[in-house]
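Residue strings, one per chain:
Protein chains: 2
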Amino acid sequence: MADSQPLLSLDGDPVAAEALLQDVFGIVVDEVIRKGTSASEKVCEWKEPEELKQLLDLELRHEGESQEQILEHCRAVIRYSVKTCHPRFFNQLFSGLDPHALAGRIVTESLNTSQYTYEIAPVFVLMEEEVLKKLRALVGWSSGDGVFCPGGSISNMYAVNLARYQRYPDCKQRGLRALPPLALFTSKECHYSIKKGAAFLGLGTDSVRVVKADERGKMIPEDLERQISLAKAEGAVPFLVSATSGTTVLGAFDPLEAIADVCQHHGLWLHVDVSWDGPKNGVGWAKAKAHIAPSAPQAAWGGSVLLSQTHRHLLAGIQRADSVAWNPHKLLSTGLQCSALLLRDTSNLLKRCHGSQASYLFQQDKFYDVALDTGDKVVQCGRRVDCLKLWLMWKAQGEQGLQRRVDQAFALARYLVEELKKREGFELVMEPEFVNVCFWFVPPSLRGKKGSPDYSERLSKVAPILKERMVRKGSMMIGYQPHGTRSNFFRMVVANPALTRADVDFLLNELERLGQDL
Amino acid sequence: MADSQPLLSLDGDPVAAEALLQDVFGIVVDEVIRKGTSASEKVCEWKEPEELKQLLDLELRHEGESQEQILEHCRAVIRYSVKTCHPRFFNQLFSGLDPHALAGRIVTESLNTSQYTYEIAPVFVLMEEEVLKKLRALVGWSSGDGVFCPGGSISNMYAVNLARYQRYPDCKQRGLRALPPLALFTSKECHYSIKKGAAFLGLGTDSVRVVKADERGKMIPEDLERQISLAKAEGAVPFLVSATSGTTVLGAFDPLEAIADVCQHHGLWLHVDVSWDGPKNGVGWAKAKAHIAPSAPQAAWGGSVLLSQTHRHLLAGIQRADSVAWNPHKLLSTGLQCSALLLRDTSNLLKRCHGSQASYLFQQDKFYDVALDTGDKVVQCGRRVDCLKLWLMWKAQGEQGLQRRVDQAFALARYLVEELKKREGFELVMEPEFVNVCFWFVPPSLRGKKGSPDYSERLSKVAPILKERMVRKGSMMIGYQPHGTRSNFFRMVVANPALTRADVDFLLNELERLGQDL
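So the sequences go chain by chain: A and B.
Under the working numbering, the first residue of the first sequence carries the number 1, and numbering increases by one thereafter.
Under the working numbering, the first residue of the second sequence carries the number 1, and numbering increases by one thereafter.
Please note that the accuracy of each hint is not assured.
[Claimed, not checked] Each computed DSS-like pair below joins lysine-lysine, with the alpha-carbon atoms no more than 27 Å apart: (1) Lys53(A) - Lys35(A); (2) Lys47(A) - Lys133(B); (3) Lys212(B) - Lys232(B); (4) Lys461(B) - Lys366(A); (5) Lys461(A) - Lys422(A); (6) Lys42(B) - Lys53(A); (7) Lys461(A) - Lys473(A); (8) Lys366(A) - Lys449(B); (9) Lys35(B) - Lys366(B); (10) Lys473(B) - Lys134(A); (11) Lys53(B) - Lys133(A); (12) Lys35(B) - Lys47(B); (13) Lys366(A) - Lys53(B); (14) Lys449(B) - Lys42(A); (15) Lys188(B) - Lys212(B); (16) Lys449(A) - Lys461(A); (17) Lys53(B) - Lys42(B); (18) Lys47(B) - Lys133(A); (19) Lys366(B) - Lys473(A); (20) Lys366(B) - Lys450(A); (21) Lys133(B) - Lys366(A); (22) Lys42(B) - Lys473(B); (23) Lys461(B) - Lys450(B); (24) Lys53(A) - Lys133(B); (25) Lys449(B) - Lys461(B); (26) Lys366(B) - Lys47(A); (27) Lys134(B) - Lys47(A); (28) Lys366(A) - Lys232(B); (29) Lys188(B) - Lys366(A); (30) Lys47(B) - Lys366(A); (31) Lys366(B) - Lys461(A).
Source of the hints: derived by calculation from the structure; they are not laboratory data.
None of these values were measured; they are calculated from a predicted model.
Pulled out of the complex, with its shape left as it was, chain A reads as follows:
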């Protein structure tokens, strides 16, 4: 069977490989880079699932297909995918297409290695260290540790696991049954993401104590104090507070200085989540009935605000945190996934907590400094390279360019707020302090009827109808959700760096067009 021929036709045939890749790259350029970013094209081509299955010919068969068929599949995949790079895609906390970051992603994919050892990832081991150092410097730390994780939720879990290990190193070997009951604290604005993590880590969702937030969505430090006392009175041991900087819906920033004071007083680990990557108009919470919904789950995406001299005051006190979870794949548009966990720790806590316990048995017979190997920092084994896309973008644009991007996003959000105020039928949920702008579109039939008993019920139906209309038309995508006692409202996110005032104007005009008969 085995002979000196390559095993399969394209394998070991760089000429054929190159021809295929050139063709596919050409399709990507035409269909994504050009058309996908063009306002005159649709942001999505909506199909019902059953129809889409047919159109895509998804079935995997015994026989392979021709190169022409493969290229046609690539075209169809792109055609029916949502263009998250489109200037009218406002649906998530990530959007836009940063060409330097995409270039970094293409190089990453072509090199296809794992971060775990210097041996097979020399460039990326050093690069990850440099990028983490830079992010830590923005937090305000001149030393520390960190690692890139597969998303903000896992970064948050790492923080919780590190905090409990630091307090009870026994936990690693003996498990939670050997420990007293633990309690962690987060505001009602972000408790779902933290609860998912607490369940996975074996703590249970009951271990998450929910701290009250004010009208704007900010954690109330006095209530945090109260919840800590309550937990202690019930026999639990408080060990961590997870604060949120830039909640998903309202864009709220918890008061970090006051929270850090509380943590310091009680000796608690302070984690700041500036990262969250959950679906807003997504999996469960977006479907909440306005009038019965609990606070919508939210978490933070404001880390990149640290780049802005003008706005970084929103995160004042962050340097007092023990850990920070930051997702550059959102406001910095680096592409999914790019999520850093940053630590103030300099005692090798990451490796001690996540490393293989039997490491003391091992000799160091490699010919380079094995301290460079990152594999024992993580609970994963193979780990994607997530640093290059951010590094290359930063190299190209400089801190200066990224800072300008953040500042201009704030300015464009401000423009939207002013425009909203000028128009009949639009109502702000609140004055934003970040680049999330939450507002209702009040259709003609509901204007001036705010006092009527079914107003809230009727208003809650408007956003879903408009969403369906815009998606079927393909004109734009924007998320909506209820929040607390507030009916479904739209949340505009100014994250795509290519957005202009014209796109903002389009958003408002299009909502008026779509809702004029309601």
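Take the given structure of chain A and dock chain B to it, following the hints.
Then chain B, alone, in the frame of chain A:
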């Protein structure tokens, strides 16, 4: 500040974006696709860390850099990175470059979306379902569930979390303290990866009971029975057995039928790990002193053997598992990361276990069937698209092509074994049953000295010296490790589908050249 101009020079400028991406893609074609896969080029260009830092100019500065500098950075990143696509890269369980898979990865990166909702990932939600269905069919299941995870370790953690939730649904809310002490079982051949997971999940490493393996590295079912009785006698509740199909070093397959019998008898969840993605010559275990090392940590990478009619008997009984973790990014060369957790369950266990608890509060006001949304299957929020690369490769090559690839890898491994036997100075660790071939190179000075007291000690030093020499020369990369009482030996992995007999011959000739003076 905000005006109708794009926020940054390349933002919103598809022409400039296209020019940059064309240039970078050209570099990728020249340096990775052509040179990186050429046997006449180096597999790596070794530099000491301090020198490499200088060469790469890693520092992130305030000012951005020119396009020419950015392209030079791309060239340098590729130049000093290890070419895992090179025909003499034998160092990991993944290697080679599948052009269809790479095409899928480039399309994935350009579309940059998250798997969590049908709304923003219609194509990929349906495609993931189809790919998982196909993988399940190969396991032998006509129904079931599953999800792509960020690597095999996390897939394994999911399995453990699902098994404990199924038995004790209370655990999600009340945590492990509300449960009796739990016990899970795995062979001594894979216990490190499972132990890392047990620590993270709050169970503690003590909850992992280590079952003896035979000389070939296969779990001994009788010892599994014994360990279960022992755990029960100590008051623990057994709940899961993790079996391994294709261990990392020896390529051993646990006897699944016999293990399934034990699980059935005791009502335990059977997880089969066919996935592992750890570094072999990696983070800790590879450095073990041969004579004091415990069994090297290993886990499974044999899932793709299910594609082969000739060899799938190695996994006989896998259809009796409750869950299977499978990494197509190894033997199928799809590219990191591509790791599927497959479940036999049809009761929506994944969503019940990982979903947001408050979902009962939520209404279904989206205009499509929200059962399609996958976000509540996982503990992540944003989740990368990992299905397209495998789907596109499968479409191009057919099950037939992938099957041939697996069969030919087995045949080439057999060729290596026969060649090893013909040459003086090479000694097989054991007859392989998979595509890992483990052997010692015995240098001239040690030949015929097997009985001498320092033989083992001296032999253990040979592999590290040869490894350093090959890496500094850039001629090839192959992993080594000790195992149990066995001194450091080389482990050849036939995973790159472009490998030929000439590459195998080169491996042996090169070891002879590098070690002739030892």
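TODO: Go through the numbered hints given earlier and state which of them the structure violates, listing their numbers in rising order.
DONE: 6, 9, 10, 14, 21, 28
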